Structures are given as C-alpha cells and as structure tokens.
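Participant: Okay, here's what each chain looks like letter by letter:
There are 2 protein chains.
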Amino acid sequence: MSVIEQATRARTAAQVLATASRKAKDAGLTAMAVALAARTPEILEANGLDVAAAREQGTPESTVDRLALSESRLAGMADGLRQIAGLPDPVGEVVRGGTLPNGLQVRQLRVPFGVVGIIYEARPNVTADAAGLTLKSGNAVLLRGSGSAARSNAAIVAVLRDALVQAGLPADAVQLVDSATRDTVKELMRARGLVDVLIPRGGASLIRTVVEESSVPVIETGVGNCHLYVDESADLDMALTILLNAKVQRPSVCNAAESLLVHAAVADTFLPKALAALREQGVTVHGSPEVAAYSADVVAATEEDWGTEYLALELSARVVPTLDEAVAHIRRYGSGHSEAIITSSLPAANRFTAQVDAAAVLVNASTRFVDGGELGFGAEIGISTQKLHARGPMGLPELTSTKYVITGEGHTRP
Amino acid sequence: MSVIEQATRARTAAQVLATASRKAKDAGLTAMAVALAARTPEILEANGLDVAAAREQGTPESTVDRLALSESRLAGMADGLRQIAGLPDPVGEVVRGGTLPNGLQVRQLRVPFGVVGIIYEARPNVTADAAGLTLKSGNAVLLRGSGSAARSNAAIVAVLRDALVQAGLPADAVQLVDSATRDTVKELMRARGLVDVLIPRGGASLIRTVVEESSVPVIETGVGNCHLYVDESADLDMALTILLNAKVQRPSVCNAAESLLVHAAVADTFLPKALAALREQGVTVHGSPEVAAYSADVVAATEEDWGTEYLALELSARVVPTLDEAVAHIRRYGSGHSEAIITSSLPAANRFTAQVDAAAVLVNASTRFVDGGELGFGAEIGISTQKLHARGPMGLPELTSTKYVITGEGHTRP
Chain P
1 MSVIEQATRA RTAAQVLATA SRKAKDAGLT AMAVALAART PEILEANGLD
51 VAAAREQGTP ESTVDRLALS ESRLAGMADG LRQIAGLPDP VGEVVRGGTL
101 PNGLQVRQLR VPFGVVGIIY EARPNVTADA AGLTLKSGNA VLLRGSGSAA
151 RSNAAIVAVL RDALVQAGLP ADAVQLVDSA TRDTVKELMR ARGLVDVLIP
201 RGGASLIRTV VEESSVPVIE TGVGNCHLYV DESADLDMAL TILLNAKVQR
251 PSVCNAAESL LVHAAVADTF LPKALAALRE QGVTVHGSPE VAAYSADVVA
301 ATEEDWGTEY LALELSARVV PTLDEAVAHI RRYGSGHSEA IITSSLPAAN
351 RFTAQVDAAA VLVNASTRFV DGGELGFGAE IGISTQKLHA RGPMGLPELT
401 STKYVITGEG HTRP
Chain U
1 MSVIEQATRA RTAAQVLATA SRKAKDAGLT AMAVALAART PEILEANGLD
51 VAAAREQGTP ESTVDRLALS ESRLAGMADG LRQIAGLPDP VGEVVRGGTL
101 PNGLQVRQLR VPFGVVGIIY EARPNVTADA AGLTLKSGNA VLLRGSGSAA
151 RSNAAIVAVL RDALVQAGLP ADAVQLVDSA TRDTVKELMR ARGLVDVLIP
201 RGGASLIRTV VEESSVPVIE TGVGNCHLYV DESADLDMAL TILLNAKVQR
251 PSVCNAAESL LVHAAVADTF LPKALAALRE QGVTVHGSPE VAAYSADVVA
301 ATEEDWGTEY LALELSARVV PTLDEAVAHI RRYGSGHSEA IITSSLPAAN
351 RFTAQVDAAA VLVNASTRFV DGGELGFGAE IGISTQKLHA RGPMGLPELT
401 STKYVITGEG HTRP
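Chain order of the listed sequences is P and U.
Okay, so the first sequence: first residue is 1 according to my numbering, each after it adds one.
Okay, so the second sequence: first residue is 1 according to my numbering, each after it adds one.
The hints are simulated quantities; they were obtained by calculation from the structure and are not laboratory data.
Because the structure is a prediction, the values reported are computed rather than measured.
We put the beta carbon where it would ideally sit given N, CA and C, even for glycine.
Please note: incorrect hints may appear among the correct ones.
[Stated by the list, open to error] Just the calculated beta-carbon pair ranges, DEER-fashion:
1) V95(U) to T99(P): 19 to 25 Å
2) P289(P) to G373(U): 33 to 39 Å
3) D268(P) to G103(U): 30 to 36 Å
4) P88(P) to G103(U): 22 to 28 Å
5) G86(U) to T19(P): 39 to 45 Å
6) G103(U) to S345(P): 26 to 32 Å
7) P321(P) to G86(U): 39 to 45 Å
8) S205(U) to E93(P): 35 to 41 Å
9) P414(P) to R82(U): 36 to 42 Å
10) E61(U) to T19(P): 18 to 24 Å
11) G98(U) to S345(P): 20 to 26 Å
12) D324(P) to E409(U): 21 to 27 Å
13) V95(P) to E61(U): 39 to 45 Å
14) T19(P) to G373(U): 28 to 34 Å
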C-alpha cells in the first residue's frame with residue numbers, strides 16, 4: 001500500500017479516535033500491553049531474524065544491542081503502555097475560556113492533531129511507545145522505522161493492530177510504513193494535508209533531512225550539545241559531582257554534557273581535580289590550550305570539537321574569562337537543548353538563565369534531568385530543540401493542537 | 001545588504017530585546033506611534049509614488065485602495081501601536097511550574113522566538129502592526145512586503161527605526177527586506193538557524209509557496225473557506241441574520257462565510273427567503289441543483305465552487321440530507337478556518353463542534369467573530385489554519401516560545 005493510501009486510512013481512523021472516550025483509549029492501551037506479553041514468542045522470533053541479519057552485515061554491537069529485544073524488554077514495553085493508560089487524557093482540556101462582554105462563550109480546547117508521522121532509527125521499542133502515546137492523545141500514527149528492524153516492527157505492529165480491533169478501535173490507528181526504500185520517507189514529507197505533523201527521532205543527519213525537505217510541519221528533536229558552565233562563584237565540590245553525573249551517568253543520550261566551560265578565576269582550583277576525576281572515569285578531554293596546561297592527558301581541541309555531540313566518554317573543555325564569554329560560546333556552539341550553570345551567585349544564575357537560548361537551562365543541577373520522565377510527564381515522545389509548538393521534553397499535551405469553540409445566541413458582528 | 005546579513009543583525013538585536021523590560025519595549029512602541037504621526041508627510045509622499053506607479057500599471061482599484069495611506073490611516077496605525085503598548089507583556093509568563101519530589105524547582109517560561117520573518121502583500125499598515133507586535137513580544141522582525149509598496153514600507157520602517165534608537169532600543173529590531181526580487185523570499189525560507197519562524201500573510205499562492213519550500217518553520221495563515229450549516233432544528237430567523245452577517249458584513253476577509261449548507265428538512269422554508277435576501281444584498285449564489293430549484297438567479301455550482309474562497313459577494317450553497325453529510329462536506333472542502341452551525345439541538349451542536357476539524361467552530365454565531373480583536377486579544381498577527389504551535393487568531397503569546405528553567409542545589413540523577 002502506498003504511503004498516501006496509508007495516510008488516507010489513518011485520517012479515517014483519526015476521525016474515530018478524535019472523539020473516542022478516555023475509557024475506550026485506555027482499554028486499547030491495556031489490550032496492546034496484554035497482547036505484547038501474550039505474543040512475545042512471535043515478536044522475539046521476528047526480532048531474532050533482524051538481529052542475525054544485522055550481525056551478518058557487520059553492524060556494530062552497540063547498534064545490535066539497541067535492536068535486540070528480549071522477554072524483559074518486551075515486558076518493559078508493555079509496562080510503558082500501561083503507564084500511558086494511567087496518565088490523564090489531554091484531549092478536551094480547556095486551555096483558555098471565558099465569556100466575552102457581548103455574551104459569546106469562548107473555549108479553547110485541546111484536540112488531537114489527527115495523523116502523526118514518526119520517522120525513527122533502529123530501536124523497536126519506539127514502535128510501541130509511539131503507538132501508545134499517539135493513541136492516548138487521540139491521534140493515528142504512521143510509523144516509519146529502520147529497515148534493519150523491519151521484521152521486528154512488523155511483528156509488533158501486527159500485535160498492536162489486533163489488540164486495537166479487540167478493543168473496538170480502528171486497526172488503522174497504528175500503521176507501519178514500508179522501510180525497504182527511502183521513497184517512503186519522501187512520501188511522508190510531501191503528505192501535507194494528510195499528515196499533520198512529522199517527528200523525526202534519531203541521528204542528526206536523519207533529522208536534518210526531514211527538517212530541510214518536509215512540507216509537512218516538523219518537530220525537530222534531539223541533538224544535544226549540552227554545556228556545563230562552572231562560574232567563579234561555584235561550589236566546586238558540587239560542580240565536580242554534577243559534571244561527572246552529566247557526562248558519565250549515561251553518555252549516549254542527548255541530555256548528557258558534551259562540553260565544559262570553566263571561569264578563569266577557578267580554573268587553577270577546579271580543573272586539576274576535574275581532569276583527574278574525568279580520567280578516572282575513562283573520559284577523554286578535548287581541551288583548549290589553557291585546559292591542556294593542567295594535564296598531559298588532554299587532547300588539543302579543534303574547532304570541530306566545540307560543535308560535536310560525542311554521545312560517548314569524551315568532553316570538550318575551555319577556560320572562559322567571564323560569564324558573558326560562556327554565554328557567547330554557548331550561543332555559538334550550542335544546539336539549544338540543555339545548558340547548565342554551577343554558581344552560588346544569584347545575579348549570575350539570573351543572567352545565565354535569561355541570556356542562554358535553549359529548551360532548558362539548569363542552575364546547580366545535572367543536564368540529565370531534562371527528560372519527560374524526570375519532569376513528571378510520565379512518558380515522552382522526544383525532546384524538541386526547535387521553538388515552534390513544543391520546546392524541550394514532549395509529553396501528551398505536546399501531541400495535541402487546539403480548537404476554539406465559540407457559542408452564541410444568534411450573535412452577529414456589528 | 002543580503003538577507004543573511006540582515007538576519008544576523010536581527011539575531012544580535014534579538015538578544016537585547018529578549019531581556020528588555022516591558023517598560024523599555026512600551027517606550028519603543030510609544031516612540032514609534034509618535035514618530036508615525038510626526039513624520040506623516042514623508043510617508044504619504046512615498047506612498048503617493050507607490051500609488052501612482054500602481055495606477056500606471058493598471059492595478060485594480062481595490063488593490064490600490066489597500067495600498068493607499070492617508071492621514072487617518074496613519075493615525076490608525078499609530079493608535080494600533082499605542083494599544084499594543086497597553087497589552088500585557090507575554091515574555092516571562094510562567095506557563096507551568098512546580099517543585100518535583102526530589103526538590104528540583106521547574107518553571108516553563110514564555111520567551112521570545114528570537115527572529116520572526118513576515119512575508120506579506122500590498123497593505124503597508126501590516127508593516128507597523130507587525131513591527132509593534134514583534135517588538136512587544138521581544139522579537140526582532142524581518143519584513144518582506146510587496147514590491148508595489150516598497151517606497152511606503154521603506155519610509156515607514158525608516159521612521160520606526162529612528163524611533164527605536166530614540167527609545168534606546170536597537171534599530172535592527174525592525175528591518176525591511178528588499179522586495180525588488182523573489183530571491184529574498186527564498187533566502188528567508190532557507191535561513192534556518194537565523195530566522196526562527198516565518199509567517200506568510202496574503203494570498204493562497206504566496207502561502208502555499210512558503211509552506212512548501214521553507215526549511216524555516218512556518219505558521220500558515222489565512223485561507224478561509226468558511227461554511228455555515230443550517231441544521232434541521234435551527235431558528236431560521238437567526239440563521240438568516242447570521243448568514244447575511246457572515247457573508248455580507250465584510251466579504252473580503254478570511255472569516256467571511258463562503259458556503260452555505262442547509263439541512264433538507266428546512267430547505268423549503270429557509271432557502272426561498274435566504275436566496276431572496278442574498279439577492280437583495282447583491283450576493284451571487286452558486287448552488288447545487290436542489291438549491292437552484294428555488295430560484296432562477298442561482299448559478300449552477302461546479303466542483304471548483306465548493307473549494308473556493310470567493311472573498312466577494314458570492315456564495316456556494318448545497319442542501320444536505322443530514323448533519324453527518326454537512327460534516328463530511330466541510331471535511332472535504334473546508335480550509336480548517338472557521339465553521340458555524342445554526343441549531344437549537346444540543347446533541348447536534350455537540351456533534352458538530354466535536355467532529356468538525358477547524359481552528360474555530362461556532363454555534364449560533366457569525367464566523368466573523370473569529371478575529372483576535374473580537375476575542376479580546378487586543379491585536380492579531382494573523383489567523384493560523386495549521387495545527388502546529390498556534391491555531392486560530394494569533395495574539396502576543398503566539399509570538400513566543402518557552403524555556404524550562406530548572407533550579408537545584410547540586411542535584412544529580414541517580
């Protein structure tokens with residue numbers, strides 16, 4: 001089936017979902033969770049074929065690990081769906097409302113987008129997460145996963161669609177788009193009017209392509225070149241603890257720190273300790289000459305390093321003369337994701353949070369907190385690094401639009 | 001100067017505006033209003049050249065009328081700026097906030113986008129309105145007006161920039177982009193990273209081009225193929241009054257009604273009266289055969305008519321057997337702007353408002369109320385017909401993004 005046909009079917013399904021009750025949607029989510037558990041063997045069998053094919057093609061083991069499913073990973077996916085069922089329904093929430101002086105009653109309500117397209121890379125758990133979040137928010141979803149996970153995704157989507165039908169919901173609320181050809185990505189990007197929003201999740205080049213070429217509105221997610229700035233007034237023990245947490249606790253994710261900026265006034269005290277601690281944790285530091293002066297282990301940073309999201313045990317580091325220079329550095333090289341300052345000065349905290357232009361700015365806290373789960377959203381469809389519609393971690397409300405409902409008694413405009 | 005250079009200057013100005021106080025921004029708006037009044041002669045002189053050139057080229061008089069300024073129109077523009085100064089500042093508003101169980105304090109604040117690009121057609125009053133709204137919301141603006149208004153826009157922007165400098169704000173907060181070539185529109189559309197959002201205002205083809213080709217995020221505005229559905233339970237006197245208001249009160253605007261759907265059960269009673277009243281007001285009706293049966297004046301509607309935004313004293317009209325068929329017709333031909341039902345049935349009102357997918361749905365009220373001024377926003381930058389970010393009339397809050405500010409006391413993620 002062509003993407004256009006799939007999108008047309010999705011629109012029809014979306015009409016049903018738009019007015020589905022919370023009870024009906026939650027029953028669908030629960031049925032999906034039950035089905036994933038009950039049909040674990042067939043999903044694992046399909047996944048086994050994907051994993052074997054990936055290994056045969058010499059795929060790096062870290063990528064294979066993201067592709068591979070297990071009983072416990074599937075149980076985790078099912079749990080995720082049950083958690084989504086427990087979240088409040090965003091649809092119907094009154095965002096603004098009131099009665100105008102002329103007596104017109106105005107309400108702005110949350111409504112589903114309609115059809116959401118998600119383009120993502122290897123991890124097949126995204127398939128169930130995205131289906132769950134879009135169903136709860138009343139949207140139909142077109143899932144365009146990676147070719148390397150095609151059999152796994154097909155098995156998961158078959159199970160989810162059967163569960164939807166059992167729960168009395170339209171199967172076409174969840175559809176898998178063919179991943180054998182890049183043409184399907186292009187078709188999604190041109191399906192304006194049929195697809196309401198596209199969310200690319202994955203590597204920087206995938207995201208860039210979608211952002212550049214799509215005529216369907218896009219929510220850009222993910223790239224996080226996150227900085228930690230240690231101010232002259234910082235509690236340096238706190239700074240070290242947060243630095244290690246932000247860099248080392250889970251280096252492969254977008255909210256991990258990638259770059260350290262240290263105020264010159266505390267460089268002598270802070271950097272020797274910090275560099276030793278980073279080395280102990282296996283972190284390679286790419287430093288400016290001032291940083292390199294403190295340790296022979298520091299690799300000379302190139303211009304490219306300042307803009308690099310390592311997603312690994314690597315860190316760029318620079319000494320800055322002032323807070324303003326730290327802000328200017330972040331403005332130049334940051335990706336607008338998450339930026340932290342460690343300081344005990346209130347004016348410094350205020351200037352940093354006001355002047356740094358990012359989805360999230362943190363004071364005396366690890367960048368790793370910028371996450372839908374940590375912020376209490378219960379679930380997350382991605383972290384937006386653009387300014388339109390949603391910025392930062394996106395939960396269920398971010399998967400909705402709004403509609404004005406205006407009620408009168410024969411009102412006409414004079 | 002190239003668009004890229006202008007956008008780079010705008011980014012620098014935007015840094016100043018982002019942290020400018022309400023007082024400073026309002027002083028800028030007042031200075032702009034004072035300057036427009038004080039320098040009326042030079043603006044009118046420039047406008048006179050544009051108007052003369054337009055007439056020489058045989059421009060239709062209705063377009064010339066939109067281009068022409070006068071003392072009273074300039075006074076209206078100045079008043080608009082003063083009104084914007086009186087509106088609350090959207091920047092800094094806390095959209096969500098609270099303390100997490102771990103003690104982290106989280107606030108989601110409204111912040112300016114940064115640089116907004118506005119691409120618009122002949123009317124030079126948009127120049128001052130857009131400059132005022134973007135200044136108040138802390139954004140720098142790149143204004144790409146019509147070539148036919150180039151001298152008028154240049155004169156207005158020169159006055160506004162001088163006023164900004166007098167008020168201690170950066171002149172580059174308001175810049176006019178060269179309108180002599182279409183290339184500047186293309187450059188704006190490719191300036192992702194420098195321009196945060198583009199808002200096209202004007203005809204359908206301009207909007208379609210920007211939506212299709214821009215890699216900068218776009219807010220689609222304006223096309224309004226608005227329907228009025230007269231339900232079987234409608235108060236037919238009310239229906240007629242609202243129909244005439246929605247069609248005739250100001251036919252050239254996007255929230256005017258363009259299409260009438262009448263339930264078959266009331267067609268015999270309603271349509272003869274409605275067609276006579278419409279004829280009296282000079283409205284040409286393009287009707288289905290059922291409608292044409294009631295009057296020899298009805299022109300046979302073509303398939304094209306159902307999708308046409310006339311913006312004139314013309315109306316398409318059809319008899320529908322059911323409310324569901326009215327909803328299906330609107331789903332097929334509507335532009336997602338404003339759709340009205342006239343009914344005294346609560347279930348019918350509820351079904352219509354739930355099932356019609358549009359920025360605004362009205363019950364027993366004229367579509368003409370879908371307007372930022374009417375809804376009490378104080379000012380409007382356009383009416384969004386897309387679902388991402390803003391839907392319906394856009395006021396000052398819609399010209400902002402948000403930023404999470406997260407404050408801890410050394411918090412790290414376990």
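Participant: It remains to establish, for every hint, whether it holds in the given structure.
Facilitator: Going through the hints against the structure:
no., hint, verdict
1, V95(U) to T99(P): 19 to 25 Å, "holds (23 Å)"
2, P289(P) to G373(U): 33 to 39 Å, "violated (59 Å)"
3, D268(P) to G103(U): 30 to 36 Å, "holds (32 Å)"
4, P88(P) to G103(U): 22 to 28 Å, "holds (24 Å)"
5, G86(U) to T19(P): 39 to 45 Å, "holds (41 Å)"
6, G103(U) to S345(P): 26 to 32 Å, "violated (20 Å)"
7, P321(P) to G86(U): 39 to 45 Å, "holds (43 Å)"
8, S205(U) to E93(P): 35 to 41 Å, "holds (36 Å)"
9, P414(P) to R82(U): 36 to 42 Å, "violated (23 Å)"
10, E61(U) to T19(P): 18 to 24 Å, "violated (48 Å)"
11, G98(U) to S345(P): 20 to 26 Å, "holds (25 Å)"
12, D324(P) to E409(U): 21 to 27 Å, "holds (25 Å)"
13, V95(P) to E61(U): 39 to 45 Å, "holds (43 Å)"
14, T19(P) to G373(U): 28 to 34 Å, "holds (32 Å)"
Of the numbered hints stated above, those contradicted by the structure are hints 2, 6, 9 and 10, listed in ascending order.
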